[in-house]
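K.L.:
Sequence:
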Amino acid sequence: MFGPESRSSLERRLRGRLTARGLSSYADYYQLLKYSPLAIEEWEEAAELLTTHETYFFREDYQLRAFAEELLPMLAERLASRKRLQIWSAGCSTGEEAYTIAMLVLASGLFDGWDVRVYGSDLSKRCIAAARRGIYGPASFRTTTEEAKGRWFVPAEKAGAGSGEFFGVSPEVRALCHFGQMNMLDDERTHLVGRCDIIFCRNVLIYFDAPRRRQVIDMFHERLVSGGVLLLGHAESLLNVSTAFELLHLKEDLVYRKPLASGGGAGSGPNTGGGSR
Numbered sequence: 001m002f003g004p005e006s007r008s009s010l011e012r013r014l015r016g017r018l019t020a021r022g023l024s025s026y027a028d029y030y031q032l033l034k035y036s037p038l039a040i041e042e043w044e045e046a047a048e049l050l051t052t053h054e055t056y057f058f059r060e061d062y063q064l065r066a067f068a069e070e071l072l073p074m075l076a077e078r079l080a081s082r083k084r085l086q087i088w089s090a091g092c093s094t095g096e097e098a099y100t101i102a103m104l105v106l107a108s109g110l111f112d113g114w115d116v117r118v119y120g121s122d123l124s125k126r127c128i129a130a131a132r133r134g135i136y137g138p139a140s141f142r143t144t145t146e147e148a149k150g151r152w153f154v155p156a157e158k159a160g161a162g163s164g165e166f167f168g169v170s171p172e173v174r175a176l177c178h179f180g181q182m183n184m185l186d187d188e189r190t191h192l193v194g195r196c197d198i199i200f201c202r203n204v205l206i207y208f209d210a211p212r213r214r215q216v217i218d219m220f221h222e223r224l225v226s227g228g229v230l231l232l233g234h235a236e237s238l239l240n241v242s243t244a245f246e247l248l249h250l251k252e253d254l255v256y257r258k259p260l261a262s263g264g265g266a267g268s269g270p271n272t273g274g275g276s277r
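Residue numbers (the UniProt record's numbering): 1 to 277.
Bear in mind the hints are in silico, worked out from the structure with no lab data behind them. All C-beta atoms, glycine included, are put in the ideal place defined by N, C-alpha and C. Be a bit skeptical, because a hint or two may be false.
Claimed, not checked - Across the chosen pairs, the derived CB separations fall in these ranges:
no. : residue 1 : residue 2 : range
1   : 107       : 249       : 22 to 32 angstroms
2   : 226       : 138       : 41 to 51 angstroms
3   : 174       : 80        : 42 to 52 angstroms
Could you put together the complete structure from these sequences and hints?
P.N.:
Written out as C-alpha cells, the structure reads:
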C-alpha cells in the first residue's frame with residue numbers, strides 16, 4: 001500500500017507496536033502480521049496508526065457546491081425513472097463526509113420520495129464506530145454555519161474528552177447513511193457496496209502505491225453505473241493511473257465520469273472532454 005519512500009514514516013508510527021508485542025525488529029513484526037494467530041488483531045492496531053483521520057463537516061466546500069448545484073440536478077434528471085440514488089463515501093473516516101453528503105441531498109429537495117442511500121466505509125473499525133454514533137465535538141464544525149448546525153444537528157450530552165458542546169446528527173440525516181469497515185483492496189467486500197451513482201474518495205489515494213492505486217480506481221470504475229461520477233481530493237488525479245474515465249468540467253471543479261453506454265440516457269450534462277487532470 002505504501003511506497004518505499006514511506007519507510008521511515010511507517011517505522012516511526014509502528015515503533016510502539018514492537019514494544020507492545022515484545023518484538024526486537026521489524027522483521028519479527030512482519031512475521032507476526034503474516035503468520036501469527038494474532039495477525040488479524042494486530043492488523044487492526046496497525047491500521048489505526050497508519051491512517052490519517054483528519055476530517056470535518058462541509059470540507060472542501062468548492063467541490064461540495066459543484067456536487068449540490070450541478071451533479072445532483074444532473075442525476076435527478078437522469079435517474080428520474082428509477083428514483084434511486086446510491087452514493088459511496090470511500091475512506092469516510094469518522095463519518096463527517098458521508099453525513100455532509102446526505103445533508104446536501106436532503107437540502108436539494110430533488111430526491112423527496114426516492115430511495116437514497118449514502119454508504120460510508122473506512123479501514124478503521126474505530127472510525128466506523130464513531131461514524132455510527134454520530135456525535136461530534138467542536139473540531140468537526142470548523143466550517144459549519146450556525147444555520148446548518150441548527151438544521152441538521154441536535155444537542156447531545158458530552159462524550160469523551162474535550163471541551164465545548166457536542167452535537168448529534170439529526171435522525172433525518174442518519175436515516176440515509178450506512179457505515180461499514182472495509183479494505184478497498186478486498187474485492188469481496190467492495191462488491192457488497194453495490195452499484196453507485198457517485199463515489200467520493202477524497203485524499204485517500206495518496207496513501208497507495210501506484211499498482212494499488214490502479215487497482216482501487218479499476219474497482220471504482222466497475223462499481224459505478226454507466227455515467228456515474230468519481231470525485232477525488234483537490235491534490236489527486238487519474239493522470240498516469242487510468243484512461244477509463246472522461247473528464248467532466250464543472251464550474252468550480254473537474255471530476256471523473258464513467259462514460260455513458262452507447263445510446264445511454266438523458267443528456268450529457270456540462271462540457272466533457274477526454275484525458276486526466
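K.L.:
Decide, hint by hint, whether the structure agrees.
P.N.:
Tested hints:
1. 107 x 249: 22 to 32 angstroms: For residue 107 and residue 249 the Cβ distance comes to about 24 angstroms; the hint holds.
2. 226 x 138: 41 to 51 angstroms: 42 angstroms, holds
3. 174 x 80: 42 to 52 angstroms: Given range 42 to 52 angstroms: violated, Cβ gap about 26 angstroms.
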